[in-house]
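Peer 1: Chains as they are written, first to last, in full-length UniProt numbering: chain B, 1 to 306; chain F, 1 to 447.
In case anyone wonders, no lab produced these hints; they're calculated from the structure.
Be aware that one or more of the hints could be misleading.
To be verified - From the derived model, a few chain F residues whose C-beta atoms are all more than 10 Å from chain B:
{"#": "1", "residue": "THR150"}
{"#": "2", "residue": "PRO168"}
{"#": "3", "residue": "LYS417"}
Said to hold, decoys possible - Reference excerpt, derived from the structure (chain F facing chain B, CB under 7 Å, subset only):
{"#": "4", "residue": "ASN174"}
{"#": "5", "residue": "ASP197"}
{"#": "6", "residue": "THR226"}
{"#": "7", "residue": "VAL228"}
{"#": "8", "residue": "SER247"}
{"#": "9", "residue": "PHE280"}
{"#": "10", "residue": "GLU283"}
{"#": "11", "residue": "ILE284"}
What the hints assert, rightly or not - Some chain F residues close to chain B (C-beta under 8 Å, calculated; not the full set):
{"#": "12", "residue": "LEU90"}
{"#": "13", "residue": "THR177"}
{"#": "14", "residue": "ASN213"}
{"#": "15", "residue": "GLU227"}
{"#": "16", "residue": "CYS334"}
{"#": "17", "residue": "GLU338"}
Keep in mind the model is a prediction, meaning the values are calculated, not measured.
Ideal Cβ positions, reconstructed from N, Cα and C, are used throughout, including at glycine.
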Amino acid sequence: MFPKGTKRKFSDSGEEPVSSGDQVPVAPSVAARTLTSSYSLQRQSLLDMSLIKLQLCHMLVEPNLCRSVLIANTVRQIQEEMTQDGTWQIMTQALAAAQCPADRLVATEVLCRQTDAAAQAGQSPKPFSVVGLEEGYHAEEVVMEGDVETEVTMSTLSPVSPQLSSASYLAGPFGMGPCWEEEEEDGECEEDEEEDSEECASESEEGDRDHLSAESRTGEQVFGTFEIKHPAPPPDPALEELFSDVDPSYYDLDTVLTGMQSAPKMGPYDLLESLSSHGPTALSSSSSCRSDLNELDHIMEIIVGS
Amino acid sequence: MAGVAGGNDFQWCFSQVKGAIDEDVADADIISTVEFNYSGELLATGDKGGRVVIFQHEQESKNRPHLRGEYNVYSTFQSHEPEFDYLKSLEIEEKINKIRWLPQQNAAHFLLSTNDKTIKLWKISERDKRAEGYNLKDEDGRLRDPFRITSLRVPVLMPMDLMVEASPRRIFANAHTYHINSISVNSDHETYLSADDLRINLWHLEITDRSFNIVDIKPANMEELTEVITAAECHPHQCNVFVYSSSKGTIRLCDMRSAALCDRHSKFFEEPEDPSSRSFFSEIISSISDVKFSHSGRYMMTRDYLSVKVWDLNMENRPVETYQVHEYLRSKLCSLYENDCIFDKFECCWNGSDSAIMTGSYNNFFRMFDRNTRRDITLEASRESSKPRATLKPRKVSTGGKRKKDEISVDSLDFNKKILHTAWHPKDNVIAVAATNNLYIFQDKIN
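All chains, please: the whole structure from these sequences, using the hints.
Peer 2: Below, the structure is given as structure tokens:
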């Protein structure tokens, strides 16, 4: 337990929007300026903590639906408040413009990038799909922990496991400074990242290869409720072929990801539902997956007799 | 019935503790539910290992009438086993989520026990006689040669050592997609309801292959899910009425006569939020973890993270009574969110006369509130205060800067020692408190 009000040793994430004002094209709103930095720091850390929890929730064999819903609602609340007082937009713009701060948690960046894209498109950030987000979070986080510098290599990773502490999540982005920078500069890093994320994910998922193709479209699906302006890179056919024969149905996380691939428009709780109510379906077209789910529901109703 | 708090008329004292003393607690031994039967003669516990242990109240000894009888083990059986759901590649936990007794109708006792997915009806019966003197077989069971039988005799019932048998009579399976959090026997003694995160089903005790879905809050698009069902209970007297609580702190009362699908409530109970105490944790701490009707059926009680509220069924806009369980935790919500304690689901219970309510807290503390005198008391279930008939000393958590002697500061509380499950005898002042793997039984001191 730590007493409320303890500041973590962030590099002023709460104050970033203000201090990097010269880089931000839009002046911070009055509301944002009047927010105390400790409040926004606390709020930020709460947001980060919540996203980690959601991540861990969904990595459990049997996700606790009540807990997931409560945490997701908390995240939405924070996002709404941050949107209202303009902090959200400031933060995303600051992050887009500035170097990636070493301590920034990946999830927040991921949030910001997409919101930034939406903002550029002239749209306000929509309430994000929490589960979808954290799927992307997962993919991105995997990337972080890998050795992104090297081209398409099977990097050694710490497996993504529910035992991951907050510390390890924090540590991730430390190594990512160069990558983000790279990405900003030439835009090719993203593709490398995606490829690496495919491999890294496969490494960490105990040989679960089939979500690779899902991963490649993770960018799209993660931010399903946002308007995505930079398209995800196309899946690498060589990698897909390499890992296409592994049976995906055995692994829990795969259920989620195959669900994602099969029904790209599925939102967060579809994924939750697929974890709790429907089995891992084999990779199939989106329509057949949907109909499988409907069929299962139908069968369930028959059994229950309602 | 006497009140709860101290004073000259009434004090709680230690009676018994069940369970191992080791510091090393096996996960399977953690008690997950406690329930007295209708007469209070039997006390059932379920644990994470899927076992049910039933204790029976021994009659008071004639030699020592000032002591109440003790509860001793009556029957132990494995109710649920871990299962593997092949369709979803998920293991189904064997942890017993709830036990509910059926009213006794004959010599046998019946109870419903449930894990996340399957409800079972168990019959617990006694056998203390056996027949001897069969014609067609010997005492050891071997068949006798019919040609050797020269005379007939009537078998005689001879006493034998008491044997308590538990047998599963019904298995109600495959009706819940999500995790079952509640079961409740209806007052008609023929039906019962079971609730999971998104649906409530109504069963007939004799029919296992189908149930009626009476509440379904699953949205068409799961992305829009923001609220789940957390508890449900049948009204104690009106067999058409039941309530269910939600993760947003609301309670809906439904009447099964109005429609087959009770998605539209008859009454909606919600307390308006206090804007001054709003925080990011407001919704989480408002989530209701337990709902219980009073024995009279006029009131119901709900437990959220920090308080217990008593509602009059005739007043929907606010509770009639609110009791703070551990308000000192309000300033620690961020830490409790971090260590997940904020999601702990505490239960609550009424005493037999509805004059008092009880609920658990951390550090093995539990709280009782007297509704008439408005007095409350905090007691601890610990081995230290477990001397026979030792009076329990009231405990206090110091909130201010100065800690008085015998008080404990908030930061010293052990958040791993949580009392989630408590039960109050339906007639007497006897309570059962589950502290991790130990079951404490306390009773009032008869003066």
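Peer 1: So, for every hint listed, does it hold in this structure?
Peer 2: Hints and how they fare:
no. : hint   : result
1   : THR150 : 58 Å, holds
2   : PRO168 : 20 Å, holds
3   : LYS417 : 14 Å, holds
4   : ASN174 : 5 Å, holds
5   : ASP197 : 4 Å, holds
6   : THR226 : 6 Å, holds
7   : VAL228 : 5 Å, holds
8   : SER247 : 6 Å, holds
9   : PHE280 : 6 Å, holds
10  : GLU283 : 6 Å, holds
11  : ILE284 : 5 Å, holds
12  : LEU90  : 6 Å, holds
13  : THR177 : 4 Å, holds
14  : ASN213 : 4 Å, holds
15  : GLU227 : 7 Å, holds
16  : CYS334 : 5 Å, holds
17  : GLU338 : 6 Å, holds
Going down the numbered hints, you'll see the structure goes against none, and every one checks out.
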